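2 protein chains.
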Amino acid sequence: MADALKIGIAGLGTVGSSLARILVERRESLASTCGRPIEIVAVSARERKRDRGVDLSRVAWFDDPVALAENPQIDVFVELMGGAGDPAYAAVKAALSRGVHVVTANKALLAAHGVELATIAEERGCLLNYEAAVAGGIPVIKALRESLTGNVVSRVYGIMNGTCNYILTKMEKEGLSFAECLKEAQRLGYAEADPAFDIEGNDTAHKLSILTTLAFGNRISADDIYLEGISNISIEDIRAAADLGYRIKLLGVAQRTDTGIEQRVHPTMVPIESEIAQVGGVTNAVAIESDILGELLMVGPGAGGNATASAVLGDIADIAKSRPGAQMVPVLGRPAASLAPYKRAQIRKHHGGYFIRMTVEDRAGVFANIAGHMAENGISLESIVQHSRHHSDAAEPKTIILVTHATMEDSVRRAVAAITKEGYLAGEAQVIRIERPKSA
Amino acid sequence: MADALKIGIAGLGTVGSSLARILVERRESLASTCGRPIEIVAVSARERKRDRGVDLSRVAWFDDPVALAENPQIDVFVELMGGAGDPAYAAVKAALSRGVHVVTANKALLAAHGVELATIAEERGCLLNYEAAVAGGIPVIKALRESLTGNVVSRVYGIMNGTCNYILTKMEKEGLSFAECLKEAQRLGYAEADPAFDIEGNDTAHKLSILTTLAFGNRISADDIYLEGISNISIEDIRAAADLGYRIKLLGVAQRTDTGIEQRVHPTMVPIESEIAQVGGVTNAVAIESDILGELLMVGPGAGGNATASAVLGDIADIAKSRPGAQMVPVLGRPAASLAPYKRAQIRKHHGGYFIRMTVEDRAGVFANIAGHMAENGISLESIVQHSRHHSDAAEPKTIILVTHATMEDSVRRAVAAITKEGYLAGEAQVIRIERPKSA
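Chains as they are written, first to last, in the numbering used here: chain A, 224 to 663; chain B, 224 to 663.
With the rest of the complex left out, here is chain A (with noise of 0.2 Å):
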C-alpha cells in the first residue's frame, strides 16, 4: 500500500469535528477504498480543549492556521474556518503556493477569491477542491466539473438555503407567518441570531456565483447578482401560488441570454408538481440544464455537520486516489486564465412570467384599469383571480391577483408603476416571479 496522505485541519468546529471522528473511525475502510491510509498530521482551532469525541492527543497543534498551512509535513490542507478574509484566506493561499492540496467547504473565500486560488492552483500543479461550498452533500461541483465536460449550460438554479426553505415550508404546512417561523428556526438552530445573511439571500448568492462560473465559464461575480429575500413573502402569496398550482421557493438562477449572465436571487414561484416543489425543510436542490445530457436535479442535505463532511471526505478521497502532481482538474472548469470576464444581464430584461397580487379599493372600474394597463404594456394575461376577503361586505378592499404569460420584467414594472399611480392600491403590489423546468 502507498503512503499515508497526510492532512492538516484549520477548524474544529461542527464539520471539522464530523471530519475527524470518521477519519478515525473509518481509517481501515477509508484505506482499502483509496489505496492509502489518509492520516491526520494536523490541526488548528480556537479551543484547544473542547470535547470533540475523537483522540486528537497524537496530532501536532497549531494555533495559527497559516502556520498549519506552512508545515512541510502536510499533503493535503483543509480549510474549515469559514469566512471570505483571513486567516482563510492566507491559509489557503500558503498551501496553494507551496503546491500543497487544499479542500474547503469555505463559500465566501471562493465568491471573494475563487480565481485567484485556483490561479495558484493551476500553476503549482495542485488540487482546490470544494465540494462543500455549495449545497452541502450534493455532489454539484462533481456534476459541473467533471460529469457535464462538453456539455453547454443553459440554466442552473436551485434551493441553496435550508433556512428559507425551512421556513417558507413551515409557512405553507402551518399557515403561519415569516416572522413566526423565523423565530422556529433560530430556536431549532436552522437560523442566526442575525438572519439577514440566510433570508436576504446573500448565502445563496455566494453559493450561486460558483455555479455561474462552473456553468458558463464566467470569472466568480458574487457582488453583482440581483437580489430579493423572503421577508416580503405573506401567507396570502403562499396561499394564492397554491390556488394557482405553484409554491413559493426561495431560487437562486443563472441562466445565459442574450445580453448577458442573468444572476438571480429571489423568492419564485415553481409549479407544484415539479420535483424541485416537493423538495421540503432544510433540504437543498439543484437542478442543471445543457445541451447534450438534459436536465439533471439533485436533491439532497445542504448543510449539518455530517453532511457537509462527507463532501469534504469526498474531496479527500479523490486527492487520496491520485498520486501527487497527477491531476489536471482545472478548479473552475476551465483554466483560470481562460474564464471570460463576467457580462450581467440587467434584471430589467428578464424575461418569464410573473404573479402579481394587488388589493385594491372596491370601486367599479379598477380591474377594467388594471387590465388596460397591463395590456398597454403588452403583457398577456394566464389567469386571473379576482375576490373579496368576506362575502358579506361589498364595500372592503378586494384582491386581484394576475399571473402573465412570459413577458419582459420591464413591461411589468411600467405596468405596476403606472397602476400604482392611479392610487387604488392599498399598500404595495407584490410581484413574484415564476420559473419552470424546462420540461414543465
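A couple of the hints might just be wrong.
[To be verified] Selected chain A positions facing chain B (Cβ under 8 Å, derived; list incomplete):
hint: 1; residue: 362
hint: 2; residue: 373
hint: 3; residue: 502
hint: 4; residue: 518
hint: 5; residue: 519
hint: 6; residue: 521
hint: 7; residue: 522
hint: 8; residue: 541
hint: 9; residue: 544
hint: 10; residue: 557
hint: 11; residue: 561
[What the hints assert, rightly or not] Restraint-style ranges between C-beta atoms, simulated for each label pair:
hint: 12; chain 1: A; residue 1: 459; chain 2: B; residue 2: 650; range: 43 to 53 Å
hint: 13; chain 1: A; residue 1: 606; chain 2: B; residue 2: 558; range: 50 to 60 Å
hint: 14; chain 1: B; residue 1: 528; chain 2: A; residue 2: 397; range: 28 to 38 Å
hint: 15; chain 1: A; residue 1: 595; chain 2: B; residue 2: 278; range: 53 to 63 Å
hint: 16; chain 1: B; residue 1: 462; chain 2: A; residue 2: 459; range: 30 to 40 Å
hint: 17; chain 1: A; residue 1: 619; chain 2: B; residue 2: 649; range: 31 to 41 Å
By construction, these hints were calculated from the structure, which means they are not laboratory data.
Predicted model, so just to flag it, every value in this text is computed and none were measured.
Beta carbons: idealized from backbone N, C-alpha and C, even for Gly.
Take the given structure of chain A and dock chain B to it, following the hints.
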C-alpha cells in the same frame, strides 16, 4: 499542452454517433477543459457507409472490435456495442489486459463480468469507467464511487427503466390500460418490439446489481434478484393508489438487512408527495441513503443517444484529466479482491408496508373473515377501503383494499393464501409493496 488522448470507439449506433459528433465539434473546448485534445483515432462498427453526421473518413476502421481494442495506437477503448458476451466481452478484456483504459455503457457486460474486468483493470493499473451503464445521464456511479467514499450505505433505489416509467405515467394520466400504453411506447420507440426485458424488470435488475455492489461491497449478482414486472398492474391499482396517497413506480431496490442484502425489482407504491413520485415519463431517478451524507436523490434522463453520450464523455474526460497510470480508483468502489460474496436476503423476510387489492363476492361475513386472517397473521392495518363498483347493484363483486403497517412479507403471503382458499375472491389478490423515502 499535453499529447492528445487517443481513443478508439467500438459501436457507432445512436450513442456512438452522438459521441463522435460531440468529440469532433467540441474538440477545442474539450482540449481546453481537459488540458489536452481528445482524438478519435479508430472506430469499429457493422455498417461502414451509414451517415452519422460526422466525418470519420480519416479515422482507422476496424471490422473486428477486438482488433481495435488491441491496436497499440489507442489510449482509451470506448465500448458502445452492448451485450454481455462477445465481441464486447472479448474486446474489453483485451484492452484492459494491455493496460488500456476502458469506458463502457454496457450494463449487461458489467452485470455478468464486472468483477473479473475490475480485477484485470486494477492489476494493470488502468481505469474502467461506466457512468452511462446505469441511469444514463445521471452521475450515480460517480456519486457512489467517489462522492460517498467513507459512507455506509443503507439503501439505494430508483426508477431505472424509462419504458416502464413511461407506461405507468401514461396509464395514470390518461386512464389507459397497460396494453394500450405499451403499444404507444412501442410506436414512439420507447419500447422494443419484444418488450419483455424492460417490462419484466430484467433491465432494471442489471443496473441495480451494479449499484448494489458499489453500495454494499458485495460481488455483483444480477441473476439472484427478486423480479416482478409491471404487466400485472391495472388501472384499478393506479387509481386505488392515488386515492390512498400513493403512486406506482417500478423500482429497483437494494438494501442491507440483518439476513443479507435485499435486491428486488417490482412495482412499488411511493408516497404521492415524495420527490421520486413526481418523476414521470422516460425520466430516471436514483436515491441513495447513507449514514454520513443522509439522503441524496438524483433525477435525469436515463437513456437517449445524447444523454448517454454525455455520460461517456464525462468518463473519457476524467481519463484525459489524469496522467497515464496516475489514478487508483477501484473500479467497483473497493478493490475487486476485497468484495464480499453476495448473501441474498429472502424476499419472504422483507419488512415493509403492503397494498392488497381484492375483488370479493358481496356476501355477509366476508369482510370479517378477511380481517380475521390479517389479525391471525399479526398484520395491523393502516387503511381499509371497501366499495362496490356501482351503488345500484348490491349483489355485484366488491373491491376491498387494505394497506398494512410495516410487517413481514411472509405474514402477508400466508394471510393472502388463507383468504384465497376461502373461495370468495374473484380473481387473484393484487399485492404491491410500499417503499418510503427515509424522510417520509
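Hint check:
For residue 362 of chain A, the shortest C-beta to C-beta distance to chain B is roughly 4 Å, which falls under 8 Å, so the interface hint holds. Satisfaction of the interface hint for residue 373 of chain A is found here, the shortest Cβ-Cβ separation to chain B being roughly 5 Å, below the 8 Å cut-off. A distance limit of 8 Å between C-beta atoms decides the matter here; for residue 502 of chain A the minimum to chain B is near 7 Å, and the interface restraint holds. About 6 Å separates the beta-carbon of residue 518 of chain A from the nearest beta-carbon of chain B, less than 8 Å, and the hint is met.
Taking 8 Å as the C-beta contact cut-off toward chain B, the hint placing residue 519 of chain A at the interface holds, the least distance being around 4 Å. With a least beta-carbon distance of about 5 Å to chain B, the hint placing residue 521 of chain A at the interface is held under the 8 Å criterion. Annotation: interface hint on residue 522 of chain A holds; nearest CB of chain B at approximately 4 Å, less than 8 Å. With 8 Å as the threshold, the beta carbon of residue 541 of chain A comes within range of chain B, its nearest partner Cβ sitting at about 6 Å, so the hint holds.
Among the interface hints, the one on residue 544 of chain A holds; its C-beta lies about 5 Å from the nearest C-beta in chain B, closer than the 8 Å criterion. Against a cut-off of 8 Å between C-beta atoms, the interface hint on residue 557 of chain A holds, since the closest Cβ of chain B lies about 6 Å away. A cut of 8 Å between beta carbons decides the hint on residue 561 of chain A: the least distance to chain B is about 6 Å, and the hint holds. Distance hint for residue 459 of chain A and residue 650 of chain B: a CB-CB separation of about 51 Å, consistent with the stated range 43 to 53 Å.
Residue 606 of chain A and residue 558 of chain B have their C-beta atoms about 59 Å apart, which keeps the hinted 50 to 60 Å range intact. Range check, residue 528 of chain B to residue 397 of chain A: Cβ separation about 47 Å, and the 28 to 38 Å hint is violated. A beta carbon spacing of about 58 Å between residue 595 of chain A and residue 278 of chain B agrees with the range 53 to 63 Å that was offered as a hint. Taking 30 to 40 Å as the suggested C-beta distance range, the pair residue 462 of chain B and residue 459 of chain A conforms, at roughly 35 Å.
Taken as a hint, the range 31 to 41 Å is violated for the pair residue 619 of chain A and residue 649 of chain B, whose Cβ atoms sit roughly 58 Å apart.
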